[in-house]
Amino acid sequence: MDQIREMLTSWQAMDVINIANDDDHVLMSLLGLLEDDDSTVRLRALMAIGKLLEDSDTGVRTLILSQGFMSLAGRLTDEDPRVVYRALEVLTPLLENTPLDEERFLVLLDAAAQVMAGGDTLTCLSILDLFERVRVPPLGKDGLSKIRSLVFSDSLWTRLLGLRVLLNMGTIAGYWEFLTASMASLISSGNALMIELGIDLLEEVLEFHATPEMMRRLVRFTSLLRAVETGEENVFLRTRAGEVRKDLENVLFSYYTSRHEEALDAVRSLLSDGRGEDALFLLFIIGKTDLLLRMWEENGGIEPDLVEALRPSGSV
Numbered sequence: 002m003d004q005i006r007e008m009l010t011s012w013q014a015m016d017v018i019n020i021a022n023d024d025d026h027v028l029m030s031l032l033g034l035l036e037d038d039d040s041t042v043r044l045r046a047l048m049a050i051g052k053l054l055e056d057s058d059t060g061v062r063t064l065i066l067s068q069g070f071m072s073l074a075g076r077l078t079d080e081d082p083r084v085v086y087r088a089l090e091v092l093t094p095l096l097e098n099t100p101l102d103e104e105r106f107l108v109l110l111d112a113a114a115q116v117m118a119g120g121d122t123l124t125c126l127s128i129l130d131l132f133e134r135v136r137v138p139p140l141g142k143d144g145l146s147k148i149r150s151l152v153f154s155d156s157l158w159t160r161l162l163g164l165r166v167l168l169n170m171g172t173i174a175g176y177w178e179f180l181t182a183s184m185a186s187l188i189s190s191g192n193a194l195m196i197e198l199g200i201d202l203l204e205e206v207l208e209f210h211a212t213p214e215m216m217r218r219l220v221r222f223t224s225l226l227r228a229v230e231t232g233e234e235n236v237f238l239r240t241r242a243g244e245v246r247k248d249l250e251n252v253l254f255s256y257y258t259s260r261h262e263e264a265l266d267a268v269r270s271l272l273s274d275g276r277g278e279d280a281l282f283l284l285f286i287i288g289k290t291d292l293l294l295r296m297w298e299e300n301g302g303i304e305p306d307l308v309e310a311l312r313p314s315g316s317v
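Residues in the sequence shown are numbered consecutively from 2, following the working numbering.
Keep in mind that the hints were calculated from the coordinates and are not lab data.
Treat the hints with care, since some could be wrong.
Stated by the list, open to error - Beta-carbon label-pair distances, calculated as ranges:
| id | residue 1 | residue 2 | range |
| --- | --- | --- | --- |
| 1 | H26 | L145 | 38 to 44 angstroms |
| 2 | D56 | N98 | 26 to 32 angstroms |
| 3 | E133 | T78 | 16 to 22 angstroms |
| 4 | T212 | E133 | 40 to 46 angstroms |
| 5 | N235 | G60 | 39 to 45 angstroms |
| 6 | A185 | E133 | 27 to 33 angstroms |
| 7 | M170 | S259 | 38 to 44 angstroms |
Note that the Cβ used here is the ideal one computed from N, Cα and C, for glycine as well.
Make the full structure from the sequences, and use the hints.
Okay, structure coming up:
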C-alpha cells in the first residue's frame, strides 16, 4: 500500500490505474487509501477509482462494490468538501440500478442525511441525484421509521431526501402534504437550481396514479408554474415551467372533467385557504363554469378574490 500511496502523491495515478486493472491487490490498496489520514491521498484515491470504473470490466466494479462500499459511503461525511464531491462522483455511477441490501442502503442513507443537514445546495442536489438512481431494497420497521423521520424533518433538504426514497418506492400515499409543500418551496425559491428540481419532481409526480388527495394538492402548482413561466429570467426554466404546466392542466382536466362534485369540493377547499386564483384556474381547466354558478347559488355569494380575478383586468 505504501508504494501505491507514493505513486498517487507523486501524480502517477495513471500508472496505478493501469496496474489496478489487472491486479486486485493494487485495487484493494487503492480502496484502503480511502481511509488515509491525508485528505489529498483520499481525494486522489477516489479519482483513480472513478477512472477505473469508467474504463474497467464488471469484475472491477463488483470488487469495488463488495470491498469498498463502506469506505466510499463514509467519504460522504469527509471533512474535506473536495473528497465529498468526488465520492459522490464515484458512488453515482457505481450504484445506478445496483441492488443493495437493507444494511448497506441504510448506511448510505445515514451518511447522506448528515450531508443534507449541512444544506449546501450543490452537494444536496448531487445527493438527491445519487438516490434517484439507487434501488431501494425491502425495508423493515426500523428502515421505514428512519425514512419517516427524514420526511418529518424541519430541514427542506433532509425532508427531500426522505421523499426521494419514498418516490423511488412508489409509496407516497400519506405523505402528499410534505411532498407538495416541499415542491412548492423549491419552485418559489428564486434559486434556478432549486426551481429546476421542483419542476422535475412535479413532472415525475404527474406519472403517478391519480388519487383525490394528489389531485387536490396539485391544483396549486398551476399558479406557481405560471409565475416561473412569466417571471423567471432563465429561458430554459420558463420553457420547462410552461411545458409542465400544460401537462399538469391536461392531467387535471382528465381527472376532474367527469368528477364535478369532487371538483366543486376542491374549489371550495382552495377558496377556504385563500387561494382564489388557483380555484379559478381549476374551473377554467376543467371547462365547467357552471360550477362557479352553483357555488354562487349555494353560498349566496363568492369570495372577493375570485370576483376580482373574473374582472376583465384580471391576470387570467
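Structure-based check of all given hints:
Restraint check, H26 to L145: a C-beta distance of roughly 40 angstroms satisfies the suggested window 38 to 44 angstroms. The hinted range of 26 to 32 angstroms is not satisfied by D56 and N98, whose Cβ atoms lie roughly 20 angstroms apart. A hinted range of 16 to 22 angstroms holds for the C-beta pair E133 and T78, which are about 20 angstroms apart. In this structure, T212 and E133 break the distance hint of 40 to 46 angstroms, their C-beta atoms being roughly 23 angstroms apart.
Range check, N235 to G60: Cβ separation about 44 angstroms, and the 39 to 45 angstroms hint holds. Evaluation of the 27 to 33 angstroms hint for A185 and E133 yields a failure: the beta carbon distance comes to about 20 angstroms. As the Cβ distance of M170 to S259 is approximately 30 angstroms, the hint placing it in 38 to 44 angstroms is violated.
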